Amino acid sequence: NAGVMQNPRHLVRRRGQEARLRCSPMKGHSHVYWYRQLPEEGLKFMVYLQKENIIDESGMPKERFSAEFPKEGPSILRIQQVVRGDSAAYFCASSPPTGVETQYFGPGTRLLVL
Amino acid sequence: TQLLEQSPQFLSIQEGENLTVYCNSSSVFSSLQWYRQEPGEGPVLLVTVVTGGEVKKLKRLTFQFGDARKDSSLHITAAQPGDTGLYLCAGVYNTDKLIFGTGTRLQVFP
Numbered sequence: 105n106a107g108v109m110q111n112p113r114h115l116v117r118r119r120g121q122e123a124r125l126r127c128s129p130m131k132g133h134s135h136v137y138w139y140r141q142l143p144e145e146g147l148k149f150m151v152y153l154q155k156e157n158i159i160d161e162s163g164m165p166k167e168r169f170s171a172e173f174p175k176e177g178p179s180i181l182r183i184q185q186v187v188r189g190d191s192a193a194y195f196c197a198s199s200p201p202t203g204v205e206t207q208y209f210g211p212g213t214r215l216l217v218l
Numbered sequence: 009t010q011l012l013e014q015s016p017q018f019l020s021i022q023e024g025e026n027l028t029v030y031c032n033s034s035s036v037f038s039s040l041q042w043y044r045q046e047p048g049e050g051p052v053l054l055v056t057v058v059t060g061g062e063v064k065k066l067k068r069l070t071f072q073f074g075d076a077r078k079d080s081s082l083h084i085t086a087a088q089p090g091d092t093g094l095y096l097c098a099g100v101y102n103t104d105k106l107i108f109g110t111g112t113r114l115q116v117f118p
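Sequence lines, in order, name chains Z and R. Each position in the first sequence, counted from 1, maps to that position plus 104 in my numbering. Each position in the second sequence, counted from 1, maps to that position plus 8 in my numbering.
Rather than coming from a laboratory, the hints here were simulated on the basis of the structure. Hints are not guaranteed to be accurate.
Stated by the list, open to error - Below, computed lysine-lysine pairings styled on BS3-like, alpha-carbon distance capped at 30 Å:
#: 1; chain 1: R; residue 1: 78; chain 2: R; residue 2: 67
#: 2; chain 1: Z; residue 1: 148; chain 2: R; residue 2: 78
#: 3; chain 1: R; residue 1: 78; chain 2: Z; residue 2: 131
Values in this document were obtained by computation on a predicted structure and should not be read as measured data.
Next up, chain Z with everything else stripped away, as it sits in the complex (with noise of 0.2 Å):
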């Protein structure tokens, strides 16, 4: 049973690019959380979703961010236009549809914006 599968595991980007990063439930898994963690620090929320619906994106930022998690594949969450701030490791949890306290986590991808 394949654990939350995120890839890619590192990421580089230059300053105005995009970066994509991908998120695969374990199997059975309908809900969706993506976490950003700076260097020293805890995990922050940033949205929770579930298929072809966005449920709570309150920790997203206004701009340059989105995330989606499509009927078919796995979730993307996309940042447009990166900056160095956004440099950061990234994880993905998903869990059943019995509870939020049930997330399991995937390795993380850590972005570095150049």
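Got chain Z sorted already, so can you dock chain R onto it with the hints?
Below, chain R alone, put in the same frame as chain Z:
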């Protein structure tokens, strides 16, 4: 903004020592989780506590949820180098997201 403060922020101890990590908030949480994160990996869930005053044990780790469900502690007995990592508490807020604590980085030396 809900905030979970963890203390201490950093902890370096010798193998065999005991330690306690604290997670405090001014807000009430319906449940609280503890995670451990190793370098280059995602957090791994250790335990979920739900009831005020609840105590859960996981081998040498003891987790307690405060009576008022605003705070929690993690006690490790006879720490081992394998316990090294970043320990994170997280509370369920507004039924749809986890709010993470500031983290405690533990280093256990052999």
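A quick look at each hint next to the structure:
| no. | hint | result |
| --- | --- | --- |
| 1 | R:78 with R:67 | holds, 25 Å |
| 2 | Z:148 with R:78 | holds, 19 Å |
| 3 | R:78 with Z:131 | violated, 33 Å |
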